[in-house]
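**Q** Sequence lines, in order, name chains A and B.
Following the working numbering, the numbering of the first sequence begins with 1 at its first residue and continues without gaps.
Following the working numbering, the numbering of the second sequence begins with 1001 at its first residue and continues without gaps.
Where hints are given, some of them may not hold.
Said to hold, decoys possible - If the Cβ cut is set under 7 Å, some of the chain B residues that face chain A in the computed set are: (1) D1039; (2) Q1077; (3) K1122; (4) D1152; (5) S1204.
Rather than coming from a laboratory, the hints here were simulated on the basis of the structure.
Glycine included, every Cβ here is placed at the ideal spot set by N, Cα and C.
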Amino acid sequence: MFSSCADPSTLQGLNWLLCYLTTGKHLDFYFSFLTVLTLLAVTAPTALAFGFGGAMMSRSHILPLRIIGKGYTAMVRGVPDIVFFLFFVIALDQGIEWLMHQVRCPDWTDPIRNGLEFRVCPEAKVPQNASAQVWHSAYGFVLAVVTFALVFGAFAANVIYGAMQAVPRAQLETAEAYGMNARQVFRRVLVPQMWVYALPGLSNLWMILIKATPLLFLLGVQDIVYWARELGGAKTSAYAYPHPDWRLYYFLFLLVFYLCMTRVSELVLTRIQNRLSLGQATASGEAQRKAAT
Amino acid sequence: MKKLILTTALLALTASASLAQTVRMGTEGAYPPYNFINDAGEVDGFERELGDKLCEMAGLTCEWVTTDWDGIIPNLQSGNYDVIIAGMSITDERKEVIDFTQNYVPPASSAYMALDAGADIKGGAVSAQTGTIQAGYVQSSGATLIEFATPDETVAAVRNGEADAVFADKEYLAPILAESNGQFVWAGEDVQLGGGVGMGLRKSDTELRDKFDAGIAAMKADGSLNELIKKWFGDTVAPF
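Isolated chain B (complex conformation) (with noise of 0.2 Å):
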């Protein structure tokens, strides 16, 4: 009976490719309205949409995988997913390591957020997720970094004071600002960081990187993209 359960696992494990290629998309599940886990404990957001429609025009069956940012990369290099579809801005040092899709999020603004619109965003203490463009642009700013693993957890850090402004893409803090009865503002200037967000891929996929490519390019062609992030992002992205 051992035996028997044995070998059908290891067949199961093994047994070769279908018909359609599946391609498995690896998301961090922490960042809305991008992606993020729902209720349900499925991947959704912007990206779970996009990813799904994209997969759909190419012929390609997607699972999804959630992976913590810090080893979102290593691990598209190790083989453990295809794709990174995770909010990742094309920056040229991640393009020394990944490849990019065109993006399908135009260039968009990162914010400071903090208690009060005085906050000191070049002196004090700023939040910013590890990893992230934003993270080394505080670094450069001349603010002190407080580095987090996940989003959620450098904007907890302001709410307890730990930091005095957290600063990370616009449209992940706009919606916590809008629910926060007063308690967030936005702080200092907004700035333009990175070619907007892109598809990573392993730069040996090139079929693969193609198919999305093509696939992003029509649909920013037809209008369906701008609809999309209209549909998740608001006002707060301008569409193509």
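Same shape as in the complex, but just chain A (with noise of 0.2 Å):
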């Protein structure tokens, strides 16, 4: 990076250090912490979605939607993450092969599953074997997206369902008396009511999120702890940088990342629970009435 970094071997002290965390590879690890806060910015929301379309129709008064919806939550909530991101990912990713395959490659007679084998026509690939490798990294990106979002999203139904049931019947019997139907009750009263009720679930899915990152790497994504345990492997000369064994410091920076981390959200969600319990019938409703008289 630096133009007195050209030969790492006649460098000293913290012209060393200087240089050595500077390398092109320092610079993806430091990359890696914006690809995980990026995906946690993108599946905190997909999954609440997803939360919320699972809660509503385990509620739902048609049967095969309420199937649906229960269904989902069940199954996801009781296959281990690991599984579920091993099959799961692989499963989407050939049906999304094999689709591609159809439409492009109609005349192609070789079998496409042979043995373990799973080979499709070189057109039918995502993404192309050509295409940079930014699209193969961002399609794993994609991948993981979807799969974290429908992971969490299947404990967040569970959560939001239970907030929904949670509400107290006086308030959804008096949005009734005062003549409003069933959608403007759920959107008027229920829903707003619901989110004090949930907030402590979600808080702690957002928290398992924040540590279930590594799990990219399952997916081909580079996520910070693979790169901490990269770096801080013992080096040889044949590397520009040798050094020893430095994986705990590495992992004691990312100790004190992840505590950051945790301690910026438990400000935020305090923050959020206090907005949520402004008016609402509950314990710390009517702690935060009586203070404001």
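Using the supplied hints, reconstruct the complex from the two chains, each of which is provided in its own coordinate frame.
**A** Structure below.
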């Protein structure tokens, strides 16, 4: 990165460290923080949407919808994350390529499945073999977001479902007495009031999601834990910057990062909690009302 | 605007293949001097140089991909890359699921490395990388096998006393031993395992396998493969 780093073997002390910390590999490491944060920022709302949809379906009066909703939450919650990540992602990936294959190469005669091998025509590969590595990474990232959203959506669906049941019946009855129809009751009374019950469960999920990102490497996305292990391992002079086993320092750095993430999350969640309790028929809502008078 | 970005992305993802065939080379990137990720963040090492040379000879465009060792064969089978070039020894077990080219490194020694030469390698705890021929050997040798996902962790386990010795390819251990300032020593005798190192391909990819096979044969014939082995491994590997 800097011109003074051209020959690492002549460097000493701080200069060496400065050059070491700005190698291309370290820049990849720093970039992976961005990847993880982006993943969190995209996945959390998507998972929440999945959860909301799942909860609404589970409460539906229409039987098939209810079965889909209940089935989704029960099945996904029952399968270990790591199995889901290995199985579902491969199935999704192969499903997409199979569809592309049907569209692009209808004349292809070789079998697609050949024992354990999965082989579609070159035109059906997603992304194409020839496309830049960036697209391969982007594709892996999208698969990761979909999978994370699906898994965490199922847990969120259960939390939100429970929260919807927890809203006092009296509140809904009052709304009905005012002449609101079912849809209005749901939108104006049930949903605004259920968040405060859902929040503890959802905040748990958020915390678990933050820590689940090492699963990314299973999908070929290089995350912060992968890089910390790779960079921290002992390096012989085959590398430009040989050093002994420094994994401890790298993982300490990750520890600090995760603790900071947790602290920031806590602060934000407390604010949301206060905001949501405002004017609610709950203990904390009542406390707020008393404090104000 | 959003639609525009999306369409471009889709186009880029699905654009039809360019003129030269692109082959994706899968490697581990954690096994110097065979393959490792250098400080610029790129795949480097003996296999990088060899792979690039072979691709050039066969007129292929090659892209390098890294993956963890555990999933290196399943990922090949599901088509995430086309070739495994990761210091993988040719064994009968692996031949049942994938095809190999002829070997580009002759059958070489595996060795035990420990903190002292008298370490108990037949009855003690020996570390090896998961899914390697060395791990299989340790299991049948009577020692307690401790498996790790990466080669680096197998060595670290000896350093911190978790294992009595590490069992791995001698070429991998030799530079570590040489630079350990006497901390590490060889223990016991070297062991001959496997049929040399070759490139792994899907069984259905015979055409590609033949191309690489021809390339390796040509490099063996003109001696350039031996030069490359000498450059990366020094004298620890006997040339062809």
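**Q** None of the hints should be skipped; say for each whether it holds.
**A** Structure-based check of each hint:
| no. | hint | in the structure |
| --- | --- | --- |
| 1 | D1039 | holds (4 Å) |
| 2 | Q1077 | holds (5 Å) |
| 3 | K1122 | violated (27 Å) |
| 4 | D1152 | holds (4 Å) |
| 5 | S1204 | holds (6 Å) |
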